[in-house]
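Asks: Residues per chain are reported as follows:
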Amino acid sequence: MSLHRGGYEIRLVWRHRLGWAFEWICRLTTWSTMLLLFVLLGAILVTACTPDQPLRNPNFKSTVAAGNGIPAEAEFLPAKKPRGWLTWDFLTKGNSYIAEDAGIMSGLWGSIWVVGLTALMSVPLGVGAALYLEEYAKPTRFTKLIQLNISNLAGVPSIVYGILGFTIFVRMFGLRDRPEKFICSLGFVDVHFELPLGRVVLSGAATLTLLSLPVVIISAQEALRAIPASLRHASLALGATKWQTIRHQVLPASLPGILTGVILSLSRALGETAPLVVLGAAAQLSIVPGRITSLGDAIQHPGKLLQAPFDQFTAIPLQVYSWVNDPSRGFEYVAASGICVLLVVLVLMNGTAIFIRQRFQKKIRW
Amino acid sequence: MSNACSSRPDEQKSSLRHLMTLQWVREQLIQGLLFTCALLSIITSLSIIYILFTTAVLAWPPGKSFFQQVGLVEFFTETRWTPQYAAEQRHYGILPLVCGTFLVTGISGLIGLPAGLMIAIYLSEYASPRARSICKPILELLAGVPTVVYGYFALKFLTPYFIMPFFHGFLGLPVNGFNALSGGIVVGIMIIPMVASLSEDVLRAVPSSLRESGYALGATKFDVSTKIVVPAALSGVLASFLLALSRSIGETMAVSIAAGQQPVLTINPLSQIQTMTSFIVNVMQGDVVAGSTLEKSLYAVALVLFAITLGMNLISQMILERYREVYQ
Numbered sequence: 001m002s003l004h005r006g007g008y009e010i011r012l013v014w015r016h017r018l019g020w021a022f023e024w025i026c027r028l029t030t031w032s033t034m035l036l037l038f039v040l041l042g043a044i045l046v047t048a049c050t051p052d053q054p055l056r057n058p059n060f061k062s063t064v065a066a067g068n069g070i071p072a073e074a075e076f077l078p079a080k081k082p083r084g085w086l087t088w089d090f091l092t093k094g095n096s097y098i099a100e101d102a103g104i105m106s107g108l109w110g111s112i113w114v115v116g117l118t119a120l121m122s123v124p125l126g127v128g129a130a131l132y133l134e135e136y137a138k139p140t141r142f143t144k145l146i147q148l149n150i151s152n153l154a155g156v157p158s159i160v161y162g163i164l165g166f167t168i169f170v171r172m173f174g175l176r177d178r179p180e181k182f183i184c185s186l187g188f189v190d191v192h193f194e195l196p197l198g199r200v201v202l203s204g205a206a207t208l209t210l211l212s213l214p215v216v217i218i219s220a221q222e223a224l225r226a227i228p229a230s231l232r233h234a235s236l237a238l239g240a241t242k243w244q245t246i247r248h249q250v251l252p253a254s255l256p257g258i259l260t261g262v263i264l265s266l267s268r269a270l271g272e273t274a275p276l277v278v279l280g281a282a283a284q285l286s287i288v289p290g291r292i293t294s295l296g297d298a299i300q301h302p303g304k305l306l307q308a309p310f311d312q313f314t315a316i317p318l319q320v321y322s323w324v325n326d327p328s329r330g331f332e333y334v335a336a337s338g339i340c341v342l343l344v345v346l347v348l349m350n351g352t353a354i355f356i357r358q359r360f361q362k363k364i365r366w
Numbered sequence: 001m002s003n004a005c006s007s008r009p010d011e012q013k014s015s016l017r018h019l020m021t022l023q024w025v026r027e028q029l030i031q032g033l034l035f036t037c038a039l040l041s042i043i044t045s046l047s048i049i050y051i052l053f054t055t056a057v058l059a060w061p062p063g064k065s066f067f068q069q070v071g072l073v074e075f076f077t078e079t080r081w082t083p084q085y086a087a088e089q090r091h092y093g094i095l096p097l098v099c100g101t102f103l104v105t106g107i108s109g110l111i112g113l114p115a116g117l118m119i120a121i122y123l124s125e126y127a128s129p130r131a132r133s134i135c136k137p138i139l140e141l142l143a144g145v146p147t148v149v150y151g152y153f154a155l156k157f158l159t160p161y162f163i164m165p166f167f168h169g170f171l172g173l174p175v176n177g178f179n180a181l182s183g184g185i186v187v188g189i190m191i192i193p194m195v196a197s198l199s200e201d202v203l204r205a206v207p208s209s210l211r212e213s214g215y216a217l218g219a220t221k222f223d224v225s226t227k228i229v230v231p232a233a234l235s236g237v238l239a240s241f242l243l244a245l246s247r248s249i250g251e252t253m254a255v256s257i258a259a260g261q262q263p264v265l266t267i268n269p270l271s272q273i274q275t276m277t278s279f280i281v282n283v284m285q286g287d288v289v290a291g292s293t294l295e296k297s298l299y300a301v302a303l304v305l306f307a308i309t310l311g312m313n314l315i316s317q318m319i320l321e322r323y324r325e326v327y328q
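Protein chains in written order, with this note's numbering: chain A, 1 to 366; chain B, 1 to 328.
This is chain A alone, in the form it adopts within the complex (with noise of 0.2 angstroms):
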């Protein structure tokens, strides 16, 4: 019996000691993902701000093998990004061959504009959907087909979308063979544009939203479920018609829930790079979408606005892509630096997001 009981005991104890290890090893595996996130980011940061190496000059070699007294200054060429690649000039210059000439500026304005109008077509198309379902919809078969649909969708490679965009946006089923040109004049100004419609910032964002609309659905379905009941009974107790219940009570009570939602999945549509390389959006561009390079430039030629959408156009990833695709010397520096605009816009996009979530709940209590 003492026997059998002392066995107990150390298996008491090393069973003890397991729970222990096991508790260290999870705590252990969390918080060194943690730590990845920060080394992955700080390996990016810090090579984005590296200054560049002083280029060994290349007359160099042949003074040594003159004989001749070395001049120090004439050993290097003085470096031409002391203060790193990640600066002001990077923001402000469009693409280019030399990597110390290449910048951000046509792909930042090109992925303003894309997102842009993919909020301006998946926002209200997403929350009418999340209405629909939420509201409206009966438990049919059918409904419960466009939920196991929409969840399905959100599951699908964002590749297959690009292929989706490129055969429905930019070839339009191969209708013609050649692009054909439109001119659509408004009065104050004649928009350009070709059918089918090609490489434009209109196919990028109309695939974008074909993306990131199901994503758009489901977390505006889950801001509206937040709504009680009550509130809705509540209006229609006093007379007020569907639409109205919605459009005065729960649309404005669950918008910080759907605002946050939206822009969480914006900045994912931001941030993809497949489908636009599919689209076959240019990497190497140095223009902006309907160069339009200030405000005042858009107040002007307010013109250049509608022209905009219809306008090749390049995005922050793909410059990313190319850059890193690119073997010449100093464009890993570049590739960088554009992982950091890009890092810095996305930052500022969740955050705004998270900002919304933690001011509005605070406020709302049912």
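Quick caveat, the hints were computed from the structure, so don't treat them as lab data. One or more hints might be untrue.
Said to hold, decoys possible - Listed below are the simulated SDA-like cross-link pairs for lysine to any residue, each with C-alpha atoms no more than 25 angstroms apart in a straight line:
| no. | chain 1 | residue 1 | chain 2 | residue 2 |
| --- | --- | --- | --- | --- |
| 1 | A | Lys138 | A | Gly128 |
| 2 | A | Lys242 | A | Ser230 |
| 3 | A | Lys138 | B | Arg90 |
| 4 | B | Lys156 | A | Gly42 |
| 5 | A | Lys181 | A | Gly296 |
| 6 | B | Lys227 | A | Leu12 |
| 7 | B | Lys227 | A | Gly280 |
| 8 | B | Lys221 | A | Ser230 |
| 9 | A | Lys138 | B | Trp24 |
| 10 | B | Lys156 | B | Lys227 |
| 11 | B | Lys227 | A | Ser151 |
| 12 | B | Lys221 | B | Lys156 |
| 13 | A | Lys242 | B | Val289 |
| 14 | B | Lys156 | A | Leu346 |
| 15 | B | Lys136 | A | Ser151 |
| 16 | B | Lys227 | A | Arg11 |
| 17 | A | Lys93 | A | Arg329 |
| 18 | B | Lys156 | A | Ala99 |
| 19 | B | Lys156 | A | Val39 |
| 20 | A | Lys138 | B | Lys227 |
| 21 | B | Lys156 | A | Gly19 |
| 22 | B | Lys227 | A | Tyr8 |
| 23 | B | Lys136 | B | Ser235 |
| 24 | A | Lys181 | B | Gly32 |
| 25 | B | Lys221 | A | Gly6 |
| 26 | A | Lys138 | B | Ile111 |
| 27 | B | Lys221 | A | Leu18 |
Keep in mind the model is a prediction, meaning the values are calculated, not measured.
Since the structure of chain A is already known, use the hints to place chain B on it.
Replies: Relative to chain A, chain B alone:
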């Protein structure tokens, strides 16, 4: 509606009824409009299937689909994938691409699934509320990092500073600058947040009465976590694993940057490979002749990709659905 109106005075009656009909029409219009929005998702799905199917499997009569030109047997049994070569050397066997894809997915699963589950167990069973409030936003950030960034990290940091010194310098194995291992590792990191948050949800959904009965029987926290909570949530955890794996199959940019562009039938993680997704990206970067077999092969590869991920998503959704019914 008309009954309610008829009880009112006559002069108001007509205008009110008029108003009610207008409102009724407006309500119907709005409902129709919102329904169209919801229908758009079905249209999207159908058009994906239509486009992939008509180009890859069965084309409208004047044109020929990919499988009408190449043949299913060659597509699934041939071991060479060389659609970009000169006409007489072209082979269309998807096996190298599938093999590359599953190599990367396998590596990512080996890294991402256990790590994600560990984090989920830590967050749901061990972590203090404070630790949770730090971990969750960081995980969200990790999930929000664009995939090109992971690709860059794999190519410029992971391969030269970790994989090369260890496998080439220490073990003396030949390592390619582009290798499946670096791609697999970053894809593994990428799916950690997904596994962690999905699994944590299902672990937390396990009723605490189960945990308490475990403690009452003298179980340690380890026993409760691994022998009660995880088995109770097993189907949900498996569903999250499936979703994560389907995501890593569809992952494109990180893999095409880090793992190279050479379709080789190999299971050596240190060699250059090509996945289905990176093939598509690689071809679409250049100009593709409309209607060429190369272009149709893109659709065929995309169809295989779509079918695999759709199947995995459907299975995991069915599991999650059943799981929800059990515990609610």
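Asks: Taking the hints in turn, state whether each one holds.
Replies: Each hint tested on the structure:
1. With a C-alpha separation of about 16 angstroms, the suggested pairing of Lys138/A with Gly128/A holds against the 25 angstroms cut-off.
2. For the hint pairing Lys242/A with Ser230/A, the CA-to-CA distance comes to about 14 angstroms; that is within 25 angstroms, so the pair holds.
3. Between Lys138/A and Arg90/B the alpha-carbon distance is near 53 angstroms, which puts this suggested pair outside the 25 angstroms criterion.
4. For the hint linking Lys156/B to Gly42/A, the alpha-carbon distance of about 13 angstroms falls within 25 angstroms, and the restraint holds.
5. For the hint linking Lys181/A to Gly296/A, the alpha-carbon distance of about 29 angstroms lies beyond 25 angstroms, and the restraint is violated.
6. Using a Cα cut-off of 25 angstroms, the hinted pair Lys227/B and Leu12/A holds, with the two alpha carbons roughly 16 angstroms apart.
7. As the CA atoms of Lys227/B and Gly280/A are separated by approximately 51 angstroms, the hinted pair breaks the 25 angstroms bound.
8. Straight-line distance between C-alpha atoms of Lys221/B and Ser230/A comes to about 41 angstroms, which puts the hinted pair past the 25 angstroms bound.
9. For the suggested pair Lys138/A and Trp24/B, the alpha carbons sit about 19 angstroms apart, so the restraint of at most 25 angstroms is met.
10. Simply put, Lys156/B and Lys227/B have alpha-carbon atoms about 42 angstroms apart, too far for the 25 angstroms limit, and the pair is violated.
11. Using a Cα cut-off of 25 angstroms, the hinted pair Lys227/B and Ser151/A is violated, with the two alpha carbons roughly 31 angstroms apart.
12. Straight-line distance between C-alpha atoms of Lys221/B and Lys156/B comes to about 42 angstroms, which puts the hinted pair past the 25 angstroms bound.
13. Using a Cα cut-off of 25 angstroms, the hinted pair Lys242/A and Val289/B is violated, with the two alpha carbons roughly 53 angstroms apart.
14. For the suggested pair Lys156/B and Leu346/A, the alpha carbons sit about 22 angstroms apart, so the restraint of at most 25 angstroms is met.
15. The suggested pairing of Lys136/B with Ser151/A holds, with an alpha-carbon distance near 23 angstroms, which does not exceed 25 angstroms.
16. For a cut-off of 25 angstroms, the pair hint linking Lys227/B to Arg11/A stands: about 17 angstroms separates their Cα positions.
17. With a C-alpha separation of about 19 angstroms, the suggested pair Lys93/A and Arg329/A falls inside the 25 angstroms cut-off, and the hint holds.
18. Using a Cα cut-off of 25 angstroms, the hinted pair Lys156/B and Ala99/A holds, with the two alpha carbons roughly 17 angstroms apart.
19. As the CA atoms of Lys156/B and Val39/A are separated by approximately 13 angstroms, the hinted pair is consistent with the 25 angstroms bound.
20. At roughly 41 angstroms between alpha-carbon atoms, Lys138/A and Lys227/B are farther apart than 25 angstroms, so this suggested pair is violated.
21. A distance of roughly 39 angstroms separates the Cα atoms of Lys156/B and Gly19/A; the hinted pair therefore is violated under the 25 angstroms criterion.
22. With a CA separation close to 19 angstroms, the supplied pair Lys227/B and Tyr8/A stays within the 25 angstroms bound.
23. Taking the CA atoms of Lys136/B and Ser235/B, the gap is near 23 angstroms; set against the 25 angstroms cutoff, the hint holds.
24. Between Lys181/A and Gly32/B, the direct Cα distance comes to roughly 35 angstroms. Violation of the 25 angstroms bound is thereby established for this hinted pair.
25. Of the supplied pair hints, the one linking Lys221/B and Gly6/A holds, its CA atoms being roughly 22 angstroms apart against a limit of 25 angstroms.
26. Proposed proximity of Lys138/A and Ile111/B is contradicted: the alpha carbons are some 43 angstroms apart, above 25 angstroms.
27. Between Lys221/B and Leu18/A, the direct Cα distance comes to roughly 10 angstroms. Compliance with the 25 angstroms bound is thereby established for this hinted pair.
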